[in-house]
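Protein sequence lines, in the order shown, are assigned to chains F and Y. Counting from 1, one number per residue, gives the positions in the first sequence under my numbering. Counting from 1, one number per residue, gives the positions in the second sequence under my numbering.
No wet-lab data here; the hints were simulated from the structure. Do not take every clue at face value.
One copy or two, either will do: identical chains are not told apart, so a pair holds if it fits within one copy or between any two.
[As the list claims (entries may be wrong)] Within a straight-line C-alpha distance of at most 16 Å, the following computed EDC-like cross-link-like pairs (lysine to aspartate or glutamate) qualify:
no., residue 1, residue 2
1, Lys153, Asp88
2, Lys153, Glu94
3, Lys306, Asp366
4, Lys341, Glu200
5, Lys306, Glu363
6, Lys153, Glu75
7, Lys306, Glu262
8, Lys153, Glu262
2 protein chains.
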Amino acid sequence: MRTLQVEVPGERPYPIHIGAGALRAELPDVVRRHGRELVVVITNETLARLYPDGVADVLRDLPLRVAACILPDGEQFKTLDTLTRIYDRLMALEAHRNTLIVAFGGGVVGDTAGFAAATFMRGLPLVQVPTTLLAQVDSSVGGKTAVNHREAKNAVGAFKQPAGVVMDMEFLATLPPRELTAGLFELVKHGMIRDAALFEFLEARRAAFSGRDWSFWEEAVFRSCRVKAAVVQEDPRETDQRAILNFGHSLGHLLETHTGYETFLHGEAVGVGMLFASFVSRRWGHLVPDDYSRIRSLLLTSMPRKRIAPLDESGFTRLLMHDKKAAQQSIRFILLGGLGKVFIRERTTPAELWPEFQRFLAEEPDALAMGAG
Amino acid sequence: MRTLQVEVPGERPYPIHIGAGALRAELPDVVRRHGRELVVVITNETLARLYPDGVADVLRDLPLRVAACILPDGEQFKTLDTLTRIYDRLMALEAHRNTLIVAFGGGVVGDTAGFAAATFMRGLPLVQVPTTLLAQVDSSVGGKTAVNHREAKNAVGAFKQPAGVVMDMEFLATLPPRELTAGLFELVKHGMIRDAALFEFLEARRAAFSGRDWSFWEEAVFRSCRVKAAVVQEDPRETDQRAILNFGHSLGHLLETHTGYETFLHGEAVGVGMLFASFVSRRWGHLVPDDYSRIRSLLLTSMPRKRIAPLDESGFTRLLMHDKKAAQQSIRFILLGGLGKVFIRERTTPAELWPEFQRFLAEEPDALAMGAG
Chain F
1 MRTLQVEVPG ERPYPIHIGA GALRAELPDV VRRHGRELVV VITNETLARL
51 YPDGVADVLR DLPLRVAACI LPDGEQFKTL DTLTRIYDRL MALEAHRNTL
101 IVAFGGGVVG DTAGFAAATF MRGLPLVQVP TTLLAQVDSS VGGKTAVNHR
151 EAKNAVGAFK QPAGVVMDME FLATLPPREL TAGLFELVKH GMIRDAALFE
201 FLEARRAAFS GRDWSFWEEA VFRSCRVKAA VVQEDPRETD QRAILNFGHS
251 LGHLLETHTG YETFLHGEAV GVGMLFASFV SRRWGHLVPD DYSRIRSLLL
301 TSMPRKRIAP LDESGFTRLL MHDKKAAQQS IRFILLGGLG KVFIRERTTP
351 AELWPEFQRF LAEEPDALAM GAG
Chain Y
1 MRTLQVEVPG ERPYPIHIGA GALRAELPDV VRRHGRELVV VITNETLARL
51 YPDGVADVLR DLPLRVAACI LPDGEQFKTL DTLTRIYDRL MALEAHRNTL
101 IVAFGGGVVG DTAGFAAATF MRGLPLVQVP TTLLAQVDSS VGGKTAVNHR
151 EAKNAVGAFK QPAGVVMDME FLATLPPREL TAGLFELVKH GMIRDAALFE
201 FLEARRAAFS GRDWSFWEEA VFRSCRVKAA VVQEDPRETD QRAILNFGHS
251 LGHLLETHTG YETFLHGEAV GVGMLFASFV SRRWGHLVPD DYSRIRSLLL
301 TSMPRKRIAP LDESGFTRLL MHDKKAAQQS IRFILLGGLG KVFIRERTTP
351 AELWPEFQRF LAEEPDALAM GAG
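Assemble the whole structure, with the sequences as input and the hints as a guide.
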């Protein structure tokens, strides 16, 4: 078991407990410390089936009332309507300002329950129990919570630092292999942008990517969360440097939107985006070819080959700009200056990236292909 | 024109500009400092009729796009549905993280628009332009924003410090006299709990309460906001001492609920509640009779005599406890220890307050009467 202490300026420090069996070993203590009278476990239907009374059972010995709030499963339910359901349930349970929320699930549960906790009675204490690799390395560190608007993802949300986070590796056992791999890309990302030693650790242990060696996953998740926590500590409100966490996300988001969110899991799209950003970094002279080869080799270990519908320059530009008509003619593009070294290139234009994208398609067909075939 | 600088720990300091003509004199500069490309003025139908293009006209010379979002008028529209309307409008206007929100209206507009600004894209800059006395002295200092749930007022919200506040006394001219008086009680409250000099200033100038002497109102609002800002600075998240701002609110809330929010304006109910809390403070030996007489005299200057339907001890208890069935058998009751001196009495029971309430009805019939007649 590892524990990472996160200190965000202006907020109370909180622990992230990471390890196989952490749910049983750590959650009761975290809940005892922050709960008063009532604990509401927010989860989804799938997890409620997989782990009936899972969390409630672990909390059985505490002198607290434990109630559940079960949401439908899926990104399409990450909405203001679901939020209203949570508020109704909290009201019916007579939740008050000391009621503790436990968010038990993947990113959708964490984001939605986290936003409810940020806003009900202007803020209830929150414990995150992320059950997917992606949620463990990404969405449960940093305090970002949100729901989607029909026109934009994560359009409505708040920053809410949890009182504690419990990451139990054993939940990864029930994760479909494809989701495990998708989460891995965000984990690799943290090595690429800020921690060359983490990158090297992953290179050395790539045989463990598809297995159940919990000690590998514990170490990998711990190191990854440590990187993210460091970046968030420096810029909790995402005004500046935190943007480096968006490495790989420009093309990633473009691919997700272009394929209607049906071809890629988020992590997979980001994986391709990271390879593309590394490719551009090499092409523009910031990254030496050797480092590019190592990155390519590690990313392609787990990358499923994807094919997308044809896309011309105007479509590429429109998607890269998020369909915004106005002012913005450029984006902030995140480049690598070496393994573990990242920098922001302001005012990068679609016109600069489009030829690189065409070259990328030609040179990296194992990552991405375009057109029928 | 007076300016009060508010410094909340962990947030950027912001100015409150107070004075007749402040809208024209100060708003353009505040907006220039915080606006980028797009400014969205959120207001209600009544104000949009009273001041067509009022705010837009003042901002005409700035190189910014100014758009409006007009809400229906009334507390019954302070809901999640209205919030969704605001999000839809912001999305249609292509608002982004730098879009400035100007909340132009009373407490309902300020609370609803403020919550939208706190949550859209996880936070847009916000300027409050409160147009009622109550909103000027109360809801636009302190960063509390919220909407109602059908079962509880202000059930869902966030803390959001504005980038600036502009309080123009001239808006008070269009306020119904009853609303002006209701706002006055919160203003008197700030003197009673923390600033004996403000209380004495109000005693000396009571002839100005019903008039349009803007220099009186400017001074009174300035001093009142200064008290509230000081309390908020010490406890921005309302974990402890900020509760003293709830002076008068225990009975006030009970009266509002008992009368279905139809007999009292919020400020009026709080006025009666403050007199009751002072009465109890005298009865329990914390407040000398002379101070009670001065408080009574000042409050009764503007207090309309109210009559409420009969209420027995069990109803009194239920309403005082906010209908909560469970655990809580007592409340935190705020008492006076002298003019400008307040303290919190923990674990005050309805059984202690009920006989005092009966005495209050008997001894202060000009403030409150019960039963038919």
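Hint by hint, where does the structure go against what was stated? Just the numbers, ascending. none
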